[in-house]
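As given, the protein sequences belong to chains W and V, one line each in that order.
In terms of the working numbering, the first sequence opens at residue 9 and continues consecutively.
In terms of the working numbering, the second sequence opens at residue 29 and continues consecutively.
Honestly, the hints are just simulated from the structure, not real lab data.
Just so you know, even glycine gets a beta-carbon here, dropped at the ideal spot from N, CA and C.
Possibly wrong hints are sitting among the right ones.
Beyond 12 Å from chain W on every Cβ pair, some chain V residues (computed) [said to hold, decoys possible]:
hint: 1; residue: H170
hint: 2; residue: R219
hint: 3; residue: G330
Simulated DEER-style distance windows between Cβ atoms [what the hints assert, rightly or not]:
hint: 4; chain 1: V; residue 1: Q46; chain 2: W; residue 2: K88; range: 19 to 29 Å
hint: 5; chain 1: W; residue 1: V683; chain 2: V; residue 2: S348; range: 45 to 55 Å
hint: 6; chain 1: V; residue 1: D50; chain 2: W; residue 2: T32; range: 55 to 65 Å
hint: 7; chain 1: W; residue 1: G33; chain 2: V; residue 2: T211; range: 27 to 37 Å
hint: 8; chain 1: W; residue 1: A145; chain 2: V; residue 2: L275; range: 30 to 40 Å
hint: 9; chain 1: V; residue 1: P153; chain 2: W; residue 2: V170; range: 55 to 65 Å
hint: 10; chain 1: W; residue 1: V683; chain 2: V; residue 2: A79; range: 26 to 36 Å
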Amino acid sequence: MSVPNSKPRRAVSADRVDGRAKVTGGAAYGADRSPDRLAHGYMIVSTVANATIRSMDVSAAERAPGVLAVYTPFNPLPLKPSGFLGPVRVPLADKEVVHHGQPIGFVVAETYEQARAAAMLVSADYDERPAAVSLEAGLPGAKEPDSVDGGPAVVTVLADGVGSIDEALRAAEVTLAATYTTAQQQHTPMEPHSAVTAWSGGRLTVHSSSQGAGVLASDLATALEVERGDVRALGPYVGGAFGGKYATYAQTRLAAAAARKLGRPVKTVNTREQVFTATATRAATRQEVTLGARRDGMLTAVRHDAWSGAAIGSATVEAGGHHSSLTWYASPNIQVGAKYVPLNVPEATIMRAPGEAPGSFALECAMDELAGELGIDPLELRIRNHATTDPHSGKPWSSKHLLECYRTGAERFGWSRRAKEPGSTADGDWLTGTGMATAVFPALRFPATMKVRFQADGTAAVSGSTADLGTGMWTVLSVVGSRALGLPAHRIKPALGDSALSDAGFVGGSAGTASVGSAILAAAGEAQKALIKLAVEHERSPFHGLDPDSVRYENGRLTADGGPSEDFDTVLAATGRPGVEAEGSSAPDQSQDYAYASFGAQFCEVRVNRWTSEIRVSRMLAVMDGGTVVNEKTARSQILGGMVWGLSSALHEGLHFDSAGRPANADLAGYLIPVNADTPAVDVHFLDHPDTRFNALGARGLGEIGIVGVAAAVANAVHHATGKRIRDLPITLDQLLD
Amino acid sequence: MKDFDFRAAETTEDALAQAGADTAYLAGGTTLVDLMKLQVMTPRQVIDINALPLRSVRTGDDGLRIGALERMAAVAGHPQVREWYPVISQALLASASQQIRNMASMGGNLLQRTRCGYFRDVSAPCNKREPGSGCAAIDGVHRAHAVLGTSDSCVATHPSDLAVALVALDASVELRSTDGPRTVPLADFYREPGSTPERENELRPGELVTEIVVPALPWAARSTYLKIRDRSSYEFALSSAAVALDLKGDSVAGARIAVGGTGTKPWRLPAVEEALTGRPATRETYEQAAERATEGMRTLPGNRFKPTLVRRTLVRALLSLGD
């Protein structure tokens, strides 16, 4: 994979501060911890998809070498429901099996191998029922969730005098209706879910990677009925999360409860197969999009309905319409709806760009189809329908440079050289085509508190309970701390991933940098005030007795007007204090008069073999408008990773179940993601227009937008190359063979 | 993983003498260890044979002889293999990943087990893993499954790319047991599943593959291996073709054709070879000959695309060798 360099002028491009530790094995991940007297747990999972467990035979397992305990629904561990995003299924709480690979037991033994071998000796006797696994077949039983993003499941925007979306569609000069499907997916973080749990004097310490150590501690405190303050969760390094480590899944709950019961620390690491079925997934979707437009391409009505497969007992939806058609284009009439179909499949949760990823596939393919129908260039169609205000709320955007994304992208990609006719360009035996799509992701901020501490050794600690999911948060702490304090990066000591630190909330929604960064700025200001206060109040300080307003902090140094000027470590040394610190908080206090989002344009080129129809992506470009780019290097990596995942969703990924609900490819041999040879030259370009209406940093999120629109850009390029419109992801060669 | 007895053999005789009815030989371990962890394979005894003197690549007038313990990577990069048998080198390079090719042995490659997901999932019925338990693939997810040589008991493909190339080249395997050595043509070594899919080949209990023998075929220098799959690397074939062409002037004097990813064993296509021989080396010839490839194919609802894909794979491979 080659990554062309295109550095915008103002951006910082810092190496990851945790990079060396990670690539040299120095970074200790959760499962790397092995406290004394450690026992090992292994989950037993169901081998049917819909059943009541009649009995389980654990006698052989209990007699197996090294086994300490076997827990099942007939001998459960005490656990209460809890969950930051809503309660997850309590493991072993009942005898109902609602999907294949559901945790139904937990073996604890002296070694991992013993626990695993014993788990294989446990047999379950089921009263089995037919499994429901087909989203298509379940459509008649689809249900509406109580709410989507806190709002209604159906949202309608109508122009004055228009009675319904169908009326608006009927009145359109041109309509285009199409149905799109996307596959169920799993996050497949490189680091599987794990937990190392140890109790001491009624207090629990858990080493486990999560999207927020504080959230994990709260989840476990509720589950185990102990005080929040009695649980300490640590996860400074996270080997990928992508939404899959928000919730606290069965392995961590079981390990903590078993450790308490056995009076020994317990470690458990999910197998890859268990990650697929016993954590959570992105739901499969079916989406119907109807676009109404004038002949000049101006949209007059958009209807977008999304159905998601949801695990039994859950109402999680991938709200494709809410997260795309509702806000993307300037149509006077819009209706989006979301429903779910209960299925005997693993739980669904958030996955990178929930709603936007599948939603953008449907909407952006439909826009491409409409462009073809009208004979308008697809990029031009987007420009004509550019929304200068948020079509849903009617508010102006805080800062939107999407048109610049389109134009810069078109120029860098060579869009003007694109052949008008699909199926008309080839390079030898390879048909070639290009496609593009819009990308939008809402800019969110969450409450966060961070701490800044000036230390006697001349360094400043920047800390909070936030997480680095591989996204570069360690480096954000360093870069923003360095900028806020005027100190070189080597004098900033970042710390995160510990629930004992200041409550920085969770990381998700692409809000990490904006939320945490803002809190660091606030904490830096508070810490400077505390430093000045100490300097003027402490009798051995060179600044003693001065008016605090006459002392200013600059680049690690205090200076009084016409008076002394000293580095902060000198001041601390004089006072004999090891450090001075303060917390600072940031809440989503941006003006409610604006709508906030990051924007981008995705471009891609594909090659399709004339004979055998393999699709290979040969070029990708994203142009992103995400406000200030805090650290260009890690921001680029975020976008690159998202784009590669988009390519993966387009051409490779899908968790498939047979009619009995058995997963057919729940491992990394069968569940395909792109290898390097599938990943072409990827170009990322940032516009870098600060959005100071959003926060003082000017930064919006870049975590998720990289995936948005990519699958559509690929599908549109496949259509351009072959003339064939494939509306079902992943697009595989058999769909293109005549 | 179930407990097992482990020992390392120093010599071939030593290995054969120690082997019992429930023994697995360990070479690269890239299949065996994986399947033991899943409890798909549960040998009572594992004998490490890596110290055995079965690592060599020899070329001569009579052809090519490859020791069964030679690593895939070494053979793929061997200069004479690349020059005289490009189909072998290419088939190896299209297999697995570099890391696996560095570990995996040539003999082990020929004995690797199917990638059918139901075979690997011990909670699923599978006649190959547990005779008589049924086949979950026939009514299940079977997009990648076989269309040649299938039975009502099993539709699993043979996963080896190397074996497809070797079958095209009329290769044999040298086998040894305590009863002595024997030679079996590779095409006869593999069995179709029939009603006994658990019996995949002619290897007897305790018998060892010691050497692969490829007869001389000067025109194999014009050969290729084309593998069609869902991603560019590190994935098994949906369809593959091993093709060698003897071109005399503008016409085909001889052809060797085998396909993979489509059969329950590596599938030689004599009808296609016959349809090519003596005909002009043109796209029309190739397309007509490729029609013969689909004779006897039996598709399932999920793999109806395979006959078309096999034809196209063959034409593309043939065109790459000359038209």
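How the hints compare with the structure:
Interface exclusion of H170(V) from chain W breaks down, the closest Cβ pair being 9 Å apart, not more than 12 Å. For R219(V), the requirement that its beta carbon stay farther than 12 Å from each beta carbon of chain W is met, with the minimum near 25 Å. A beta-carbon of chain W comes within 12 Å of the beta-carbon of G330(V); the shortest separation is about 9 Å. Between Q46(V) and K88(W) the beta carbons are some 56 Å apart, a value that contradicts the proposed interval 19 to 29 Å.
In this structure the supplied range 45 to 55 Å is violated for V683(W) paired with S348(V), their Cβ-Cβ distance being about 23 Å. Between D50(V) and T32(W) the Cβ separation comes to about 43 Å, which falls outside the hinted range of 55 to 65 Å. Checked against the hint of 27 to 37 Å, the pair G33(W) and T211(V) fails, with Cβ atoms roughly 49 Å apart. Remark: the range hint 30 to 40 Å for A145(W) to L275(V) is contradicted by a beta-carbon distance near 54 Å.
Between P153(V) and V170(W) the CB atoms are about 57 Å apart, so this pair conforms to the stated range of 55 to 65 Å. Against the hinted window of 26 to 36 Å, the Cβ-Cβ separation of V683(W) and A79(V) comes to about 34 Å, which satisfies the hint.
In summary, the numbered hints that this structure violates are 1, 3, 4, 5, 6, 7, 8.
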